[in-house]
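**Student:** By the count of this note's numbering, the sequence shown reaches residue 345 at its end, each step adding exactly one.
Check each hint, because a few of them may be wrong.
[Said to hold, decoys possible] With a Cα cut of at most 25 angstroms, we get these calculated PhoX-like pairs of lysine-lysine:
hint, residue 1, residue 2
1, K256, K339
2, K45, K78
3, K215, K266
Hints listed in this document are in silico derivations from the structure and should not be mistaken for laboratory results.
Owing to the predicted nature of the structure, the values given are computational and were not obtained by experimental measurement.
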Amino acid sequence: MKYKSLSSLTLSLAIAVAGGFAPIPANAEPDPVFKPIIGEIRNKLPSNLVFRLPSRLPRPVTKEMSPKLTFDANSERAHLDLEDENCPPRFNKKGSRAYELVCRLFSVTSSTLTSTYYQRNQIKPGSRTTAVQLSRNLRGYHLQGQDWSKVSWIQDNIYFQIYSAVPADKLIEVARSMVTNSQVISGRSLYHVAQQPKPQLITWKQFVEEGGGREIRTDYDLPKEFRNGFVYFNYRRSSIDAYILKQVLSNYPSVKLGLEQIDSNLGERYVKSGKAIKFYWNLGNSGLKYLNDTEVSFTEKGTGCFRATCLTYPFMTNEQISRILRSGKAIPQKN
11 MKYKSLSSLT LSLAIAVAGG FAPIPANAEP DPVFKPIIGE IRNKLPSNLV FRLPSRLPRP
71 VTKEMSPKLT FDANSERAHL DLEDENCPPR FNKKGSRAYE LVCRLFSVTS STLTSTYYQR
131 NQIKPGSRTT AVQLSRNLRG YHLQGQDWSK VSWIQDNIYF QIYSAVPADK LIEVARSMVT
191 NSQVISGRSL YHVAQQPKPQ LITWKQFVEE GGGREIRTDY DLPKEFRNGF VYFNYRRSSI
251 DAYILKQVLS NYPSVKLGLE QIDSNLGERY VKSGKAIKFY WNLGNSGLKY LNDTEVSFTE
311 KGTGCFRATC LTYPFMTNEQ ISRILRSGKA IPQKN
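Whenever a hint applies, use it, and build me the whole structure from the sequences.
**Tutor:** Shown next as structure tokens:
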């Protein structure tokens, strides 16, 4: 396979993809290009993760190339790269723009929602991000780069992200096929979507032990029933809410898919009944003016704010809320 220039390859990808995809059969098998790597995926994939592969790839990805498949996994993330074995050396520097557009043809990542990868790489609403409907009940996000695209979604409590330099509409088609038609690879077998694991909850203690998140890197001295309580994150454009439900409850709501893990009205009812506390982090520009505050302010009963962080729990005194907010300390980062 010969490349005259990076720009000519990008143009050829855009033209060649016009033919689109072949029809995708129901319960489709992964694209044949992935067949040599499926056994390795099964062997390396941890039991807490699943992996999805598309049933068809855009023709420019597989046309006239010698596929090179690389898969790696740890306890919280799995990643597959599809590269061209014959990629010219001048383009083959990983991390470079040339490599991403010429050599790296397609990639898939799956991760737990508590992973460092998810916290640092999740695609959120923004100027280059568009919400896309991937199925009747599942929405994802498309991120447009310079001549490349990414699509991400959360399905059955697993975060998925795919990448390619093909046009955006074609990559979105791939994502839709993965959501609705692909089979799922587990660490032990290849099984159909209907057998996927149920969503798993995570405690605040576990969240901290995993290194926190990209925006949330502060731990607090919480009462034991909340430190060991399950946490639900609702992500906004410039803020994050966290509802931490007490450890002693008889049952807990399932984690919702997407950026809102619990219905906000339901979360507020838990707080008002004394079964949950609520943290609020202001990540926008409006929060900057509070960063040098030295006092905790109380806007209403049971809600205190210190700098850009607020805590709500109507059954605590102002002194108790103030003590928790002032106890903030950096979460140790995992290597």
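**Student:** Look at each hint and say if it fits the structure.
**Tutor:** Right, here's what the structure says about each hint:
Among the hinted pairs, K256 with K339 is consistent with the structure: their alpha-carbon atoms are about 22 angstroms apart, no more than 25 angstroms. Of the supplied pair hints, the one linking K45 and K78 holds, its CA atoms being roughly 12 angstroms apart against a limit of 25 angstroms. Of the supplied pair hints, the one linking K215 and K266 holds, its CA atoms being roughly 20 angstroms apart against a limit of 25 angstroms.
Checked against the numbered hints given earlier, the structure satisfies every one of them.
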